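Undergrad: If you want the building blocks of each chain, they are given just below.
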Amino acid sequence: MGKNLYNKVFERHAVEQLQSGQYQLLIGLHMVHEVTSPQAFAMLREAGLKVAFPERTFATVDHIIPTTASDRVRPLSDAMAEEMLVHIEKNTSDYGIRFFSPENGEQGVVHVVGPEQGITQPGMTIACGDSHTSTHGAFGALAFGIGTSQVADVLATQSLAMAKLKVRRINFTGKLKPGVYAKDVALAYIHQLGVNGGVGYAYEFAGEIIDQMSMDERMTLCNMAIEGGARCGYVNPDETTFAFLKGLPYAPKGTAFDKAVLDWQAIASDSDAEFDDVVEIRGEDIEPFVTWGITPAQSVKVSETLPKSSAYKGSERQVIEEAYEYMDFESGQAIKGVAVNVCFIGSCTNGRVSDFEIAADVIKGKHVAAGVRALAVPGSMKVKNELEARGIDKIFKDAGFEWREAGCSMCLAMNPDKLKGREICASTSNRNFKGRQGSPSGRTLLMSPAMVAAAAIFGKVVDVREVIS
Amino acid sequence: MKSAIIDQISGTGVPVRGNDIDTDRIIPARFLKRVTFDGLGAHAFEDDIAAVAAKGGRHPFRDDKYSGAAVLVSNSNFGCGSSREHAPQALNRFGIRAIIAESYSEIFFGNCVSLGIPCFSVSHDVADYILSSIEENSSMVLEISVENEALKIGDEVIAVSLPKGAKGQFLDGTWNARAQLLANLEKVRIMAKSIPYFSEYQSLF
Ligand code: SF4
Chain A
98 MGKNLYNKVF ERHAVEQLQS GQYQLLIGLH MVHEVTSPQA FAMLREAGLK VAFPERTFAT
158 VDHIIPTTAS DRVRPLSDAM AEEMLVHIEK NTSDYGIRFF SPENGEQGVV HVVGPEQGIT
218 QPGMTIACGD SHTSTHGAFG ALAFGIGTSQ VADVLATQSL AMAKLKVRRI NFTGKLKPGV
278 YAKDVALAYI HQLGVNGGVG YAYEFAGEII DQMSMDERMT LCNMAIEGGA RCGYVNPDET
338 TFAFLKGLPY APKGTAFDKA VLDWQAIASD SDAEFDDVVE IRGEDIEPFV TWGITPAQSV
398 KVSETLPKSS AYKGSERQVI EEAYEYMDFE SGQAIKGVAV NVCFIGSCTN GRVSDFEIAA
458 DVIKGKHVAA GVRALAVPGS MKVKNELEAR GIDKIFKDAG FEWREAGCSM CLAMNPDKLK
518 GREICASTSN RNFKGRQGSP SGRTLLMSPA MVAAAAIFGK VVDVREVIS
Chain B
1395 MKSAIIDQIS GTGVPVRGND IDTDRIIPAR FLKRVTFDGL GAHAFEDDIA AVAAKGGRHP
1455 FRDDKYSGAA VLVSNSNFGC GSSREHAPQA LNRFGIRAII AESYSEIFFG NCVSLGIPCF
1515 SVSHDVADYI LSSIEENSSM VLEISVENEA LKIGDEVIAV SLPKGAKGQF LDGTWNARAQ
1575 LLANLEKVRI MAKSIPYFSE YQSLF
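Protein chains in written order, with the working numbering: chain A, 98 to 566; chain B, 1395 to 1599.
Extracted from the complex, chain B is given alone in its bound form (with noise of 0.2 Å):
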C-alpha cells in the first residue's frame, strides 16, 4: 500500500515571518483537548491572529490577501518545541501543501513528511526574497517541483532544497512509513528475540 506520489505543488503564498515560530503559537494547547484533528485549521495562529488584530493589524492567516494560499513561508527554525502533529494537521486543514523556510525542527519535519507536506529549505537572504515578493504581489503563484527542487515565480526559477531521503519518499509514494514498516513486521518480531532485555530480563507488563 502507497501513498500518493507528491511531486508538482502549485498555488499562492503566505508569509509568515520571524525565526523559532514554535507549535505552540501554530496551534495553541487549548486546541490539542480534542480526541480528533477535525476542525484544527479555523484555529491555526489563533493567539498570534489576535495580538497582531489588537494591535490593529492583520496576520497573513486572517489576510483576505492570503486566502486560499497552499505555500507557507517562514524562516528559521520553523515548528520548533511540542511534537504535536497538531500542528502540521493545522496548517493542513488550513490549505497548506508545502513549506519553504530557512530550516525547521526535527520532529516537526517529520510531523509533515508523515502527512504528505514537504518542508523545502532556503537561505535567509531567499526566505527573504521570497516574503517580499509574496508581500508585494499576493496573488503571484508559487510553483513547486520536489523532483528538480525547484520554486518558479513569475519567470525566475529559484533553487529550494530538500533531504534526500523524504524527496525520495515524496516521489516514490513512501512518505507515509506505515506500510513499509508493517511489512517488515516478521523481520521485528525476530530482532526483539536478539535483544537481551526484550528477551531474557522480562516483559514488562
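Just chain A, same shape as in the assembly (with noise of 0.2 Å):
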C-alpha cells in the first residue's frame, strides 16, 4: 500500500515525538497577522528569546485595517487599530521579518498573499495564527491554524507540537452543472459531513472535479475545510499547481524549479495510498447552496425550502431552533426570495481575482437594487491592481458597488465594515456565526460570489442560474 500525502509530508517534519505521543514538526513556514501576534512576541521578548528563522517567516496585516483609501491615511482613527498595526510594524522591523505592508503595495489578507508571491508551495507545513490557514492546503502543504501560545512556539523554534491526524479523502466524482462554484462545492461537503464530521482528520480533496479545478477554486475549498472541523484540507498538487507557480517573486527560478517540481511530485498521494475513510461526492448533486443559520452546515440548495425542526432530535434541535430565533426565519420557508440589505465579495474563501471575475460577469450592465449597499473588497493589493488594469473594477463601481482597498473587512468587521442592527449580508465569506459581521444581532447568508452578485442586483436570494441563462 502506498502512502498519501498527509504522512508523506508529515514524516519529512517530524523532529521527534514528544513524550505526549505527540510529534515535534519543523514548519516550512510562518505567517503572521496583527491580531493573534502581539501577544505571541511578547511572550518572547519576556523570555528572552530570538525568532529562530526570520526568514521562514512573513507578516501582513489584515484584518484590522480599513478598506477606504481615506481611513487608511496614518495615524489610523481608530486609536487601537493604530496600535496593533505600530505593534506588528516595530515586531516584524525588530526581529528581522519581511512584512507586506500597505506602503509597499504587497498588504492584502494573509492567505492571499502567500499563494499569489509563490511563497506557499507543495510539500511544506504551514502555521499561522489563523484558522483559514487551511487554504494553503490546495498547493499540497499541510497548513495548520495555530493559536498565539503557539505562534510563540513557532517564533522561538520553527516547529510545533502537533497529533498525528487521520486522513479522509473525499472524491468528488462527475461533473459540477453550470452556475455551480467551489464555494458550493465546500458548502456542499460541510452539509454532508458536518460541522465536526472532521475532527481529528486532514480531509484530502481529490477526484475528477477537483483535478479540473483552478487553484483559485481549489484555495476556496480548503479554505472552508476548517468549517468542516479539519485541522486541514489539502489537494495534491499537479500540472495546474506548477503552472499557476512558474515565475511568481518566491517560486524557486530556472533549474531550481524543475528540481522542485520532482520532488513535489514525490510527495503527492501515491495512487494506491491508503486512507483512514473515504467519501464520495457526486458533481451532479451540488446545486448552488445558500446558508440560512448560524454555523456553515446550516445550509440549503438554493432551490430548496428551510428544513423542519421536528426532523432533529436532542440538542441538535436545540441548534436548529436557536438558528430559526437568532434569524428570524421559518421553517419550510424558501431561501428563495429571502431579502438581503448588504452584499460582501471579498476574504480569504472567495476575495482573488476569479472570483471578482465570476461576478463581474453577472452584474455587468446591471445595476444594485434600491436600498442595498454593496462592497467589493480585494484579497490584496495585488489582486485589487490586477482587476483595476482590466478595467474590471469599473463594472463593479458602475453597477453601484463599492470598491475598496484590501483587507479582510466585513468578513469579521474587526475595521469599520460592519453590519448595522438586524441587517442581512449575502456573503462569500466563510462563517455566519452569530455576531460574525460586526453587528451582535447581524445575520450573514453565506453563498458563491456569482449568487451574492446576483442576490446585489435584485436585493433579495435568487437563484443565479436563472439570471446568467
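Derived by calculation from the structure, the hints in this document are not laboratory data. None of the values given here were measured: they were computed from a predicted structure. All C-beta atoms in this analysis are idealised placements derived from N, C-alpha and C, irrespective of residue type, glycine included. Warning: the hint list may mix true and false statements.
[As the list claims (entries may be wrong)] Using 20 Å as the maximum straight-line C-alpha spacing, the simulated PhoX-like pairs for lysine-lysine come out as follows:
| hint | chain 1 | residue 1 | chain 2 | residue 2 |
| --- | --- | --- | --- | --- |
| 1 | A | Lys147 | B | Lys1581 |
| 2 | A | Lys272 | A | Lys398 |
| 3 | A | Lys187 | B | Lys1427 |
| 4 | B | Lys1587 | A | Lys105 |
[To be verified] From chain B, some residues computed to sit far from chain A (all C-beta separations above 12 Å):
| hint | residue |
| --- | --- |
| 5 | Gly1405 |
| 6 | Ser1461 |
| 7 | Gly1462 |
| 8 | Ala1464 |
| 9 | Ser1527 |
| 10 | Asn1531 |
| 11 | Glu1543 |
| 12 | Gly1548 |
| 13 | Glu1550 |
| 14 | Ala1553 |
| 15 | Leu1576 |
[To be verified] Stretch-level coverage of chain B by chain A, calculated; a stretch enters the list once three of its residues show a Cβ under 8 Å from a Cβ in chain A:
| hint | region |
| --- | --- |
| 16 | 1408–1420 |
| 17 | 1425–1439 |
| 18 | 1465–1474 |
| 19 | 1502–1515 |
| 20 | 1561–1575 |
| 21 | 1585–1595 |
Make one complex out of these two single chains by using the hints.
TA: Structure (C-alpha cells):
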C-alpha cells in the first residue's frame, strides 16, 4: 500500500516524538498577522528568546485595516487599530521579519498574499495564528491554524507540537453543473459531513472535479476545511499547481524550479495510498448552496425550503431552533426571495481575481437594487491592481458597488465595515456565526460570489442560474 | 523548565448549554483589537449575555448563582470557529480552570492545553446530567481528577475522558510545550538542512 501526502509530508518534518505522544513538527513557513501575534512577540520578549528562522516568516496586516483609502491615512483614526499596526511594524522590524505592508503595495489577507507571491509551495508545513490557514493546503501543503501561544512556539523554535491526524479522502466525481462553483462544493461537503465531521482528520480533496479546478477554486475549497472541523485540508499538487507557481516572485527559478517539481510530484499521494476513511460526493448532486442558519453546515440548495426542526432530535434540534430564532426564519420557508440589505464580495474564501471576474459577469450592465449596500473588497492589493488594470473595477463601480482597498473587511468586521442592527448580508466569506459581521444581531447568508452578485442586483436571494442563462 | 503539574481541579460549575458554541461567541471579534490579553475575562460571552438579557433572561456568565465557577460545562463542538487564543484566555481570566463538554474543536482544545485548562469529554447524556445537576444546585462542588479521569459531584463519581497525550502533559507538567520544543532547537536546525525547500531551492526572505 502506498502513502498519502499527509503522511509523507508529516514524516519528513517530524523532528521527534514528544513525551505527550505528539510530534515536534518542523514548520517550513510561518505567516503572521496583527491580531494573533502581538501577545506572542510579548511572550518572546519576556522569555528573552529570538525568532529562530526569521527568513521563513512573513507578516501582513489584514484584519483591522480600513478598506477605504481615506481611512488608511496614518495614524488610523481608530486608536486601537493604529496600536496594532504599530506593533506589527515594530515587531517585524525588531526581529527582521519581512512585512508585506500597505506602503510597499503588497498587503492583503494573509491567505491571499502567501499563494499569490509564490511563497506557499507544495510539500511545506505551514502555520499561522489563523484558522483559515487551511487555505494553503490547495498547493499540497500541510497548513495549520494555531493559537497565540503556538505562534510564540513557532517564532522561537520553527516547530510545533502536533498530534498525527487521520486522513479522509473526499472524492468528488463527475462534473459540476453550470452556475455551481467551488464555494458550493465547499458548502456541500460541510452540509454532508457536518461542522465537526472532520474532527481528528485531515481532508484530502480529490476526484475529477478537483483535477479540473483552478488554484483559486482549490483554495476556496481548502479554506473551508476548518469549517467542517478538519484540522487541515489539501489537494495533491499537479500540473495546475506547477503552472500557477512558475514565475511567481518567491517560487524557485530556472533549474531549481524543475528540481522542485520532481520533489513536489514525489510528495503527492501514491495511486494506491491508504486512507482512514473515503467519502464520495457526486458533482451532479451539487447545486448553488446558501446558508440559512448560524453554522456553515446549516445550508440548503437554493431551490429548497428550510428544514423542519421537527426532523431533528435532542441537542441538534436545539441548535436548529436557536438558528431559526436568531435568523428570524421559519422552517419550511423558501430561501429564494429572502431580502438582503448588504452584499459582501471578498475574504480569503472568495477574494481572488477569478472570484471578482465571476461576479463581474453577473452584474455587468446591471445595477445594485435600491437600498442595498454592496461592497467589493479585493483580497490583496495585488488582486486589486490586477482587476483595475483590466477595468473590472469599473464594472463594479458602474453597478453601484463600493470598490475598496484590500483587507478582511466585513468577513469579521474588525475594521469600520460592519453590519448594522438586524441587517442580512449575502456574503462570500466563510462564517455565518452570530454577530460575525460586526453587529451582535446581524445575519449572514454564505454563498458563492456569483450568487452574492445576483443577490445584490435583485435585493434578495435568487438562483444565479436563472440570471445568467 | 516545566510548567506546574495539573491534576486535581475543584470548584463550582457554570452551565453553558448548546452545541457549536463558537469562539466568536466566547469572545466577540471587537475585543481582539488589543495587543494584550488583559481584561478579556470581563467580556467573555458578552453578546450572548446581552441577547439573553434583552429577552428578560440571565446568561449563566452573568448569573450570581454561578459566580466564582471554575468548571464550564457545555455540549458538542465547543470552541469551534476561529483559532483565537483570546477565547480560552477570556475563559481562563474569568476563572475557568477546566471544561467538560461532549466534544471540542481541535484548535480550541490545543489552545486550552497550552494554557493548562483540561477539556474533558463526556457523552451527551452525561453532559446533560451534569448541566442539570449544576442548574439545580449551583453551589455544588465539582471535583475533577486528571489522573483518574473522574468527576466527583456529591457522592457520585462520573467518568470523564481526556486524550492520553494531553493527560500525560498535565500530569508531568509539560502542557506548555515550548520548553521541550526549545530543547530540540538544534535538531530542528539539522532537520531543516535535510529538507529540499529549506536548503536547496531558496531562502524565502
Ligand atoms: S478574510 Fe475572514 S476568515 Fe480570512 S483571514 Fe480575514 S477574517 Fe479570517
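Undergrad: Does each hint fit the structure? Answer for all of them.
TA: Tested hints:
1. For the hint linking A/Lys147 to B/Lys1581, the alpha-carbon distance of about 17 Å falls within 20 Å, and the restraint holds.
2. In summary, the hint linking A/Lys272 to A/Lys398 is supported, as the alpha carbons are separated by about 17 Å, within the 20 Å threshold.
3. Proximity of A/Lys187 to B/Lys1427 is assessed by CA-CA distance (about 17 Å); at most 20 Å being required, the pair is judged to hold.
4. Distance check on the hinted pair: B/Lys1587 and A/Lys105 sit about 17 Å apart at the alpha-carbon level, within 20 Å; holds.
5. Separation of B/Gly1405 from chain A is adequate, the least Cβ-Cβ distance of about 23 Å exceeding the 12 Å criterion.
6. Every beta carbon of chain A lies more than 12 Å from that of B/Ser1461, the smallest distance being close to 23 Å; the non-interface claim holds.
7. Consistency note on B/Gly1462: stated as away from chain A, and its beta-carbon is indeed over 12 Å from all of that chain's, at 26 Å minimum.
8. Consistency note on B/Ala1464: stated as away from chain A, and its beta-carbon is indeed over 12 Å from all of that chain's, at 21 Å minimum.
9. No beta-carbon of chain A is positioned within 12 Å of the beta-carbon of B/Ser1527; the least distance is around 17 Å.
10. Consistency note on B/Asn1531: stated as away from chain A, and its beta-carbon is indeed over 12 Å from all of that chain's, at 22 Å minimum.
11. No beta-carbon of chain A comes within 12 Å of the beta-carbon of B/Glu1543; the shortest separation is about 16 Å.
12. The beta carbon of B/Gly1548 is kept farther than 12 Å from every beta carbon of chain A, the shortest such distance being approximately 25 Å.
13. With a least CB separation of 22 Å from chain A, B/Glu1550 remains clear of the 12 Å interface cut-off, as annotated.
14. Consistency note on B/Ala1553: stated as away from chain A, and its beta-carbon is indeed over 12 Å from all of that chain's, at 20 Å minimum.
15. The Cβ of B/Leu1576 sits about 6 Å from the closest Cβ of chain A, inside the 12 Å cut-off, so the non-interface label is violated.
16. Counting residues of the region 1408–1420 of chain B whose CB lies closer than 8 Å to any CB of chain A gives 7, so the stated coverage by that chain holds, three being the minimum.
17. Remark: the region 1425–1439 of chain B is confirmed as covered by chain A, as 6 of its residues place a Cβ nearer than 8 Å to a Cβ of that chain, reaching the required three.
18. Look at the region 1465–1474 of chain B against chain A: 4 of its residues bring a Cβ nearer than 8 Å to a Cβ of that chain, three or more, so the hint holds.
19. Counting residues of the region 1502–1515 of chain B whose CB lies closer than 8 Å to any CB of chain A gives 4, so the stated coverage by that chain holds, three being the minimum.
20. With 9 residues having a Cβ less than 8 Å from any Cβ of chain A, the region 1561–1575 of chain B passes the three-residue criterion, so the hint holds.
21. Counting residues of the region 1585–1595 of chain B whose CB lies closer than 8 Å to any CB of chain A gives 8, so the stated coverage by that chain holds, three being the minimum.
Comparing the model with each numbered hint stated earlier shows that hint 15 is the single one that does not hold.
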